[in-house]
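Q: Keeping their order, the protein sequence lines are chains A and B.
Per the working numbering, residue 1 is the first one in the first sequence, and the count goes up by one each step.
Per the working numbering, residue 1 is the first one in the second sequence, and the count goes up by one each step.
In short, the hints are calculated from the structure, not lab data.
Warning: the hint list may mix true and false statements.
No copy labels: a pair is met if it fits in one copy or bridges any two.
Claimed, not checked - Result set (DSS-like, lysine-lysine): computed pairs, CA atoms no more than 30 Å apart in a straight line: (1) Lys177 x Lys61; (2) Lys131 x Lys177; (3) Lys131 x Lys61.
Protein chains: 2
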Amino acid sequence: MSNPTGLTPLRERLRTTVRSDLARVAVEMFLEHGFDTTTVDAIAAAAGVSRSTFFRYFPTKEDAVLAQIEARGEQFREAALVRAADEPPLLAARNALTPLIEDMGRNRERSIAVIRLIEQTPSLRARRIDKQHVLRAMLTEVMASRMATDPANDLRPALIAGVTLSMFDTAQTAWLKAGGEASLSDLVDEAFATIGREFAAVNAQA
Amino acid sequence: MSNPTGLTPLRERLRTTVRSDLARVAVEMFLEHGFDTTTVDAIAAAAGVSRSTFFRYFPTKEDAVLAQIEARGEQFREAALVRAADEPPLLAARNALTPLIEDMGRNRERSIAVIRLIEQTPSLRARRIDKQHVLRAMLTEVMASRMATDPANDLRPALIAGVTLSMFDTAQTAWLKAGGEASLSDLVDEAFATIGREFAAVNAQA
DNA sequence: AGCGAGATGAAACTCAGTTTCATTGACGGT
DNA sequence: ACCGTCAATGAAACTGAGTTTCATCTCGCT
């Protein structure tokens, strides 16, 4: 190893710091003044760097807000990988959401404020959903490997991933509407149970 | 009435023509040269209008491509409204997709080319999904009224809408991957059946 | 014929995002 | 301690999307 001390090099630490500073400052300014009226120049100035530097850390203004979502994606992936192999796939997908849900419960106000900001801003809304698609692709992969199947031929992994995230999204919207009062975890469980009954109704008909 | 002839006024017909011309020209140019490298100036020039006029008809460059999706949204809404009241809600939602599916089958190559263009272009992808959210809200409303319930308290309409569109999306992706060879309608049916079995597996476990 | 309004074009402007280049300062090796 | 390398930064010029303002034109009505 070229680094005998074993410590993270200064450069790398600095990079991480600058990046999180930029994201934090950006979100604060967006929450206070709105997304569109806050320019990249202003964010960079407030964070004490140049405009150029901002774009070196985030490809777009939107990404400064959505960076944290990607971080949660990795957390989600790990949770999905450790679920017991004998759980029905759909249940495993639901349970992989748990750490994410707990995280959102801990930072309730901040989570809600950011989600509201995203919902109100078309460009943020659009790009957030795009990131969720990446999340879905990831979950599809994990599901495929746990089900020992090929997602190119077998639609099940993609369907389970899509439906799971769709239900989570609906539950999250309901949670938001209630101002975060209800338990998000309970709402997700309710969503799964509800759709389960709807499918049962269709099958009974057939 | 200020129009004794009963005919659509010339102005209005002209507006519609200009709008569809712009959309057609834009999509053609995007398909040939790519989305990012085609400027609004070039589109406007090719359609014989000014840059200003383009932005009077479409708020963004993306909307010139996605306009047709909104048109299909209305078609979908009408189909959902006429489904028999005694169909299970989830089945009614699935069947409301039929006219849309048939439409896509008729314009197979064009549909596939446009969808591929959208998938390849981040900004188009993002905004398309945003439009799908509008679609989901609409379907939620229709489902709520047919189920005679309030979507603010009852999650079922939103869940059914979300899950239905998610499955349609997955089926569409599979259809695309097969180059439109398979029957999209069959793929959608397969998706519903598959997820139905997955929920049955979870319920059996419990 | 002439008036009012909707539709257009032209031009200037803001800002996001890209590209290029010069400067700085941390790091490894001498 | 000194030096060459290279990653990180800042500055500046550029492209193109989207907005705003204003002048012009032409359709539809009186």
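Q: Mind listing which of the numbered hints don't hold for this structure, in increasing order?
A: none
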